[in-house]
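Novice: Residue-level listing of the chains:
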Amino acid sequence: MGSKLIIILVIIFGVLAIAQLVRVSELTAKHTKRKEEDIPENENKFNANMMLIFMIALYAGFIYLMLQYGYVGLGPAASAHGQEIDFLFDLNWIIITAVFFLTNTLLFVFSWKYARKPGVKAYYYAHNNKLEMVWTVIPAAVLSVIIILGLRTWNDTTAKAGAEYENIEIFAYQFAWTARYSGMNNELGKFDYKLTTAENPYAVMTKANIERSLSLMKVGEPGQNGIKRIEDKLNDRSIILSSKERKDLEVELGRKERMSRLLEAMSITYADSLDNLANDDVIVEDSLVLLKGQNYNLSFRSKDVIHSAYFPQFRMQMNTVPGMLTYFKFQPIFSTDEMKRKMNNPEYEYALLCNKICGGSHYRMKMSVKVLEPKEFLEWQKTKATYDGTPWIDGNEAKLLEYYESIASRVNEN
Amino acid sequence: MAAAAQEAIHEHDHHEESFVSKYIFSYDHKMIGKQFLLAAIFMGVVGMMLSVFFRIQLAWPGESSDFLNMFLGDRWAPEGILNQDMYLGLVTIHGTIMVFFVLTGGLSGTFSNVLIPLQIGARDMASGFINLMSFWLFCISSIIMLASLFVESGPAMSGWTVYPPLSALPQAVSGSGLGMTLWLISLTIFIASSLIGSLNYISTIVNLRTKGMKMTRMPLTIWAFLVTAIVGVLSFPVLLSAALLLFMDRVMGTSFYLSDIIIGGEMLDNVGGSPILYQHLFWFLGHPEVYIVLLPALGISSEVISTNSRKPIFGYRAMIGSLLAIGFLSFIVWAHHMFVSGMDPFLGSVFVFTTLLIAIPSAVKVFNYLTTLWRGSIIFTPAMLFAIGLVSTFISGGVTGIILADSALDIQVHDTYFVVAHFHVVMGLSAIFGMFAGVYHWFPKMYGKMMNNRLGYAHFWTTIVSGYGVFLPMHFVGLGGAPRRYYDNSIFDTFNPTAGEMILDLNIIITVFAIIGAFGQCFFFFNFFYSIFRGPKAPLNPWRSNTLEWTTPTAMPGHGNWPGDLPEVHRWPYDYSKPGADEDFIPQTVPLKPGEVEH
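So the sequences go chain by chain: A and B. Numbering of the first sequence is given in my numbering, commencing with residue 555 and proceeding in unit increments. Numbering of the second sequence is given in my numbering, commencing with residue 3 and proceeding in unit increments.
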């Protein structure tokens, strides 16, 4: 309460103070026959000098921010394409900083230098085609370079992933992420949002899941109406339904019948061999764990609204859009431990953040990301089971490790 | 025809106008312009207050603030701590109000109305009634938008771009209920207002120019308003269709934007829609909108800089050319907002190219401003200070656009505070500076009074210092990887505390400057309202300017603008310090001397 009073008092006194200032200036203006439309020499001079002072303050502020905060943030890019992006960023940054300093300096220095002086008339100078040509062509040339370099990096970054890329699906929903690894066959199992149930939250498509969903529609279970139970209810003369209740039930019945027809069609056209794709997938909910040096092709899908998968340290971002798959490929080049050393920060970790407004807890939608060395990665894999419950890794460990070593060695620093 | 019109106006003058017909339902373009200005100032104060609320949360997350509790109450700031949903609501409504109600309605609405007839030598707009409608629709839509702040479930909370599915599903966020419905209704009415206003501006400029006012003799303000109006007429209908389809998805169960969605445990029936379609439609307006906001400001600054440098604007034709080029290009750059939306990367590269092309006409404008200042005789009126501030911020905000237009770089900074900083420097500083320059410059013509210069200086210097103080550090928040629309950045503490600390440090600096800046606006509000009533009387041509509005025989022209014949135009509006002339300005109504070259 006390501070509310203070806020109100500050506002009231602020207004009164300005009122008094104006009153004073009004009286002095009357006294000196001052006219607002004629700017006196001392005021003009004051503003001219302020132009220079402001320019210096602006530059000092900018340089301070650059030195203090410019290189702290995220550390070096931890992915192969990220390094290209950082190079391009630095190049662009140098160009725009140069333009910023050059043009702002001209602006403020001209304003200061050409402030009105008694007896000096402005120079009537309406146009000069040659000069205008110069400052059309030079920006055009610089921009061409920026465009060509930019598109080269863009094309490299967004090119289609080859067969050697490991496929991982990132599934987004309010307000968390889940990863699905494609397992030993490097192919993700199919999915369909219609198969989403409490036991199958990621809508993975297998024969069993289809049958389960279908039976839920048709028969239902305690607490959930199936088609049969709704029909019974509607036909049972002993139950008295209000017209609204009846309407609601009829709508629900229509929906369920439609859905069950779709599921039936799915069940008929489904090839049982597709189960193999899904059965060796590995679903991981706590963190995304990656092998250093491996090429990954991430596919993204969303359960509800648009999210954006933002991996700031990998310079990577892609929206996740309901009803549509999106992709981003990349190669992590520093393990988490290497990055901790580089940043001299034992708490440093990679992260996947949501970067598209998606609801109240948007700011907490994070998944931690780990990039491991071959040995650790294999150890981690050994603790995980596939979709059908078998261990991810069975046998052949030595061979796998050798293979992982060869992958990691591609990005090892000498 | 002209004579008849004049008689009609004389007739009109004879009977005393009532309060209602003069101040409320006025047909007079100047009064309508002033109504737009007052409405925009009011909306601007609201928008600014909302931003102060969420800036407090960002600088001191989770700390109790009586100030927040006082304004937001126990519903949205229990114990003085901002509710996380309401945070999104504040951000959304702040953006909507500032972009549409202040910068579109306020800037273009005010100055197109006040200046078009006066500067082209017309009695009024082509249709006074449509003009009146335009303002009152604007007013109704403002009221609806403000009302949405008081809805129980909160205002729209999906960001000012209201992307579906978030904005379509009340299950996704509470603001997507009634608040969002009001948002859509308000915007629909706003679009109608803006469209009929723009059509009126275009027909007035095309048809009602006075004798001798060739297109190539029009002040750059009028050129800017013309291009703005054309861009608005061509792009706003697309937003209307986007809003309409969204409305149908919300209410009638259609699936334009929705597909395969499970929300709150419920499986929706919608199949086959695409949320990306909405983004294309929205940004087809959204990007031209940026120029709808900016071009009038650039027109105003051209006029103000030329007048107060006592020099012709350098490269008049190039200035027109660059306005037209920017207007045209603004239609083929929209998808640079969607580089990481999942759109085909090849399409992205096309938009990189077209977007970066805009830098060329923009650079031409900047260099022409600089050359206009060069060897001038600069008078620092408050309007001139703001015009110079506009050029500085236009540069600073423009160069970061080059980074964002480069799709490869946009991957990293997309939707971070870097973007927020970029568009605030261009729209929140540059365009607003243009608006202030316009108010200070034409206040004498609007109200027949002078504003106080010293308060104007104080206003400018606090505004530019706090403006840069807010938005320069904000770039570094974005480079540190902080996503926008985060209620707080505590998540960084879980994986990179150094970055988290840096972001918080910068956020405190930003908020302190934002509060100073908000208080700095008091200089303006006070000066503005005080001067309307108690300012010294304005002379006919206080800034010794050439354009037609200063040739009216009264400081505050009545309905019809010129009591006798309309003025005749003989030269372009930029004959300042022309060699051979006695004075350092030659109004457009002065005939060329024998042998004098126009320019």
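Keep in mind the hints are simulated off the structure, nothing from the lab. Among the clues, some could well be false.
Unchecked claim - Calculated pairs, EDC-like style, for lysine to aspartate or glutamate (alpha carbon to alpha carbon, straight line, at most 20 angstroms): (1) K748(A) <-> E503(B); (2) K671(A) <-> E600(B); (3) K936(A) <-> E818(A); (4) K580(B) <-> E600(B); (5) K810(A) <-> E81(B); (6) K924(A) <-> E839(A); (7) K810(A) <-> E268(B); (8) K772(A) <-> E818(A); (9) K675(A) <-> E503(B); (10) K896(A) <-> E268(B).
What the hints assert, rightly or not - Distance ranges between label pairs, derived from CB positions: (11) A583(B) <-> I565(A): 47 to 55 angstroms; (12) G560(B) <-> I566(A): 36 to 44 angstroms; (13) E753(A) <-> G274(B): 23 to 31 angstroms; (14) A583(B) <-> N709(A): 54 to 62 angstroms.
Glycine included, C-beta positions come from ideal geometry on N, C-alpha and C.
Novice: Any of the earlier hints contradicted here, and which numbers?
Specialist: 1, 2, 3, 5, 9 and 10
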